[in-house]
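Input sequences plus hints: build the corresponding full structure.
Count along the sequence shown from 1, then add 3; that gives the number in this note's numbering.
The hints are simulated quantities; they were obtained by calculation from the structure and are not laboratory data. Treat the hints with caution; some may be incorrect.
Stated by the list, open to error - Derived lysine to aspartate or glutamate pairs resembling DMTMM-like cross-links, with alpha carbons at most 25 Å apart: (1) K108 x D302; (2) K461 x D473; (3) K458 x E468; (4) K461 x E479; (5) K108 x E479; (6) K108 x D473; (7) K108 x D411; (8) K461 x D444; (9) K108 x D350; (10) K458 x D302; (11) K458 x E479; (12) K461 x E505; (13) K458 x D107; (14) K108 x D118; (15) K458 x D350; (16) K461 x D438; (17) K458 x D315; (18) K458 x D411.
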Amino acid sequence: MPRFRRALGATSTTLIAAGLAVTAPSAAQAAEYKELPDGTHTTKTLVIGIDGASFDFMAPEAMPHLTSLRTNGMTAVSNLFANPMAGTISGAGWSTIATGVWPDKHNVVDNSFADPRYDEYPDYLTRIEAADPAASNLVVGTWGPISQQVFGPAVDLRVAGGNDAGTTQTVVDYLSAGNPDNVFVHLDEVDGAGHSVGTNGPAYAEALQRADAQIGEMLAAIEARATAASEDWLVVVTSDHGHRPTGGHGGNTAAERRTFVIAAGTGIPAGVERHDTKLVEIAPMMLQANGISIDGGWDLDGHTIDTLVADDFDALRPVLRTQVDETRPGASTLGWTNETPEGWSIDNSRMPAGGVTEWSGWSFATDEFWTGVEAGQMRETSVRNRDVFAVADSDEWDDRSHAPGPFDSTLNSPAWALNGAATATLSYATNYFIDGPQTADVRVSFDGGEPQSLKTYKVDTNRVENLSFDVPAGAETAQVSFHYTGQNSAFWTIDQVVLVQEEPPAPIVPPAPTGLAVIAGDGSLRASWQASVSEVDVTGYTVAAVPVVEANARAESATCTTTGETTCEIFGLRNGTPYSVTVRAHGAEGDSVESAAVGPVTPVAEEPETPGTETPGTETPGTETPGAGTPGGEGSGAGDSTGTGGSGTGSLATTGADPLPLILLGSGVLVLGALATFVGLRRRTAMGTVE
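See below:
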């Protein structure tokens with residue numbers, strides 16, 4: 004495989020021609036010698052991480068390159084976790100970005116990397132290497148642990164940049180003269196400025212401006228590539244945490260927790276602001292760009308942004324209100340409502356009067372508002388909620404006087420239509436935290452019947468639940484309820500509630516009867532058909548004869564059934580009436596296919612008789628001797644008989660088609676007539692004469 008080798012310190016002639024400044028690396032960097040496989044993709048990705056960048060201080064006019072990405076793509080601002088899940092620390096933040104899961108899964112909670120679960124939740128470039136070894140993947144990071152720990156050794160090339168200028172130069176050189184498919188870049192000096200002076204210091208703003216210029220260098224290198232016209236780049240800019248105004252991070256203030264995802268590329272609408280996209284979405288986005296399907300067994304917390312769909316609760320954003328009884332997070336923050344989405348309802352019939360208005364029963368809130376009312380009480384761990392979510396908070400409600408009794412409220416879903424499948428799954432994100440007497444139950448009812456318990460929470464739970472349950476046969480609707488009680492305890496959050504049912508299996512339909520033929524008889528008909536039963540068992544057939552009413556309104560319909568046979572005869576029909584004949588083939592599951600034909604029911608016309616010419620026979624009387632006679636069998640043609648005790652002969656001749664049977668009785672000669680039988684409906688009898 005062709006490989007691009009770069010002695011660090013090489014200057015990009017493309018950038019010099021473009022008038023962009025280039026910073027020479029250190030002697031130690033120049034001594035390094037690196038190589039990168041030649042890429043194989045035309046769809047490529049670039050993720051740029053600005054350590055410690057506070058979104059609220061990224062002034063659009065001071066950061067034109069970042070502003071251009073925002074104008075041409077998506078901006079999503081969200082909040083991080085905080086202790087005890089993990090501190091707002093780089094190790095936890097970058098591990099979340101790289102792996103697509105929160106710290107309670109990847110287990111990097113600080114910068115010690117004491118016990119990471121990267122084996123179970125590897126970085127996205129490691130997953131790409133496993134799925135597509137031909138892909139060319141590059142990591143360049145100013146902060147050492149980015150290339151040494153956060154991204155694993157399977158990645159093609161991991162480089163320590165030394166400083167942000169060196170990191171930028173390395174990336175530019177590989178973009179200009181090499182051909183990477185996926186690049187991750189870490190810039191560190193904004194975080195350094197934050198530690199030194201805080202977000203309020205001028206050095207912090209200057210560091211953000213330098214980072215923006217370095218982003219511009221990388222974007223210019225992409226645009227100057229000889230293959231740029233045939234390439235499709237997805238560019239993402241993000242941060243691992245924010246900073247306090249006076250400097251530092253690691254705590255749970257809004258300034259430290261606030262982070263962002265800015266993305267531009269094919270399929271991302273321009274100028275869009277989203278409230279549901281978080282840091283865990285970056286890894287799935289990169290996997291998707293590489294054509295890699297997300298395996299459910301990976302247990303990722305993130306989703307590709309095209310699969311993030313607003314839920315019912317998110318529709319409440321336009322009606323969010325400012326604080327009423329709460330004194331935080333601020334009079335200008337819109338973030339809660341007790342209005343319900345369409346179809347949902349809240350039962351507060353057992354709620355005591357009083358308490359904090361915002362949390363009097365189930366409410367709906369944003370993370371910014373709810374976690375801002377009181378920091379450090381586990382609310383910051385509700386990372387799996389997106390946009391607007393439902394919350395029952397007995398702790399905050401109890402902060403204002405109320406009538407005796409515990410918090411007791413039930414959130415009811417709409418009555419969702421069922422599709423006939425035998426099972427269903429209730430999926431929702433939840434964070435249930437216990438800090439005193441409280442209960443939480445999830446129930447389901449069918450067609451308005453008695454609720455049945457699906458789950459009772461007895462331990463702290465922070466995850467996406469998938470509760471499967473049986474659906475009674477014939478049930479048409481299912482309604483879910485979330486019942487919470489608490490006595491100055493803690494909280495329960497619910498979000499992204501979805502009822503999922505598999506499509507019921509398609510019925511097994513037998514093949515349609517073909518070649519239907521109807522033969523009419525006297526007041527009857529006989530239907531015959533062909534049917535292939537090689538693939539699907541046929542349990543039987545029903546044949547129906549329905550009169551064409553216009554011809555004879557008094558005629559009655561009739562049916563016959565048969566199993567396994569492809570013929571059926573119906574009697575009791577009216578002559579002269581046309582009938583529509585239908586054959587229904589029954590399958591093992593009771594389904595059928597029909598085939599129809601129309602035919603009148605009339606008797607087969609009788610052929611006219613052709614009389615025969617009789618020639619009388621001459622008998623010679625004889626002497627009969629009585630005796631016991633034995634009847635003879637039926638014969639055909641002319642015959643004679645003789646008997647002992649007399650003598651004589653006789654004959655009976657007939658003309659026509661019918662032979663005459665003769666019966667011999669005793670010793671006398673008895674000539675009987677014959678009964679002629681034809682196939683069909685014609686019958687004629689001729690009798691001889693005895694003299």
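Quick rundown of the hints versus the structure:
{"no.": "1", "hint": "K108 x D302", "in the structure": "9 Å, holds"}
{"no.": "2", "hint": "K461 x D473", "in the structure": "23 Å, holds"}
{"no.": "3", "hint": "K458 x E468", "in the structure": "10 Å, holds"}
{"no.": "4", "hint": "K461 x E479", "in the structure": "31 Å, violated"}
{"no.": "5", "hint": "K108 x E479", "in the structure": "39 Å, violated"}
{"no.": "6", "hint": "K108 x D473", "in the structure": "31 Å, violated"}
{"no.": "7", "hint": "K108 x D411", "in the structure": "32 Å, violated"}
{"no.": "8", "hint": "K461 x D444", "in the structure": "10 Å, holds"}
{"no.": "9", "hint": "K108 x D350", "in the structure": "35 Å, violated"}
{"no.": "10", "hint": "K458 x D302", "in the structure": "21 Å, holds"}
{"no.": "11", "hint": "K458 x E479", "in the structure": "22 Å, holds"}
{"no.": "12", "hint": "K461 x E505", "in the structure": "30 Å, violated"}
{"no.": "13", "hint": "K458 x D107", "in the structure": "22 Å, holds"}
{"no.": "14", "hint": "K108 x D118", "in the structure": "11 Å, holds"}
{"no.": "15", "hint": "K458 x D350", "in the structure": "19 Å, holds"}
{"no.": "16", "hint": "K461 x D438", "in the structure": "11 Å, holds"}
{"no.": "17", "hint": "K458 x D315", "in the structure": "22 Å, holds"}
{"no.": "18", "hint": "K458 x D411", "in the structure": "17 Å, holds"}
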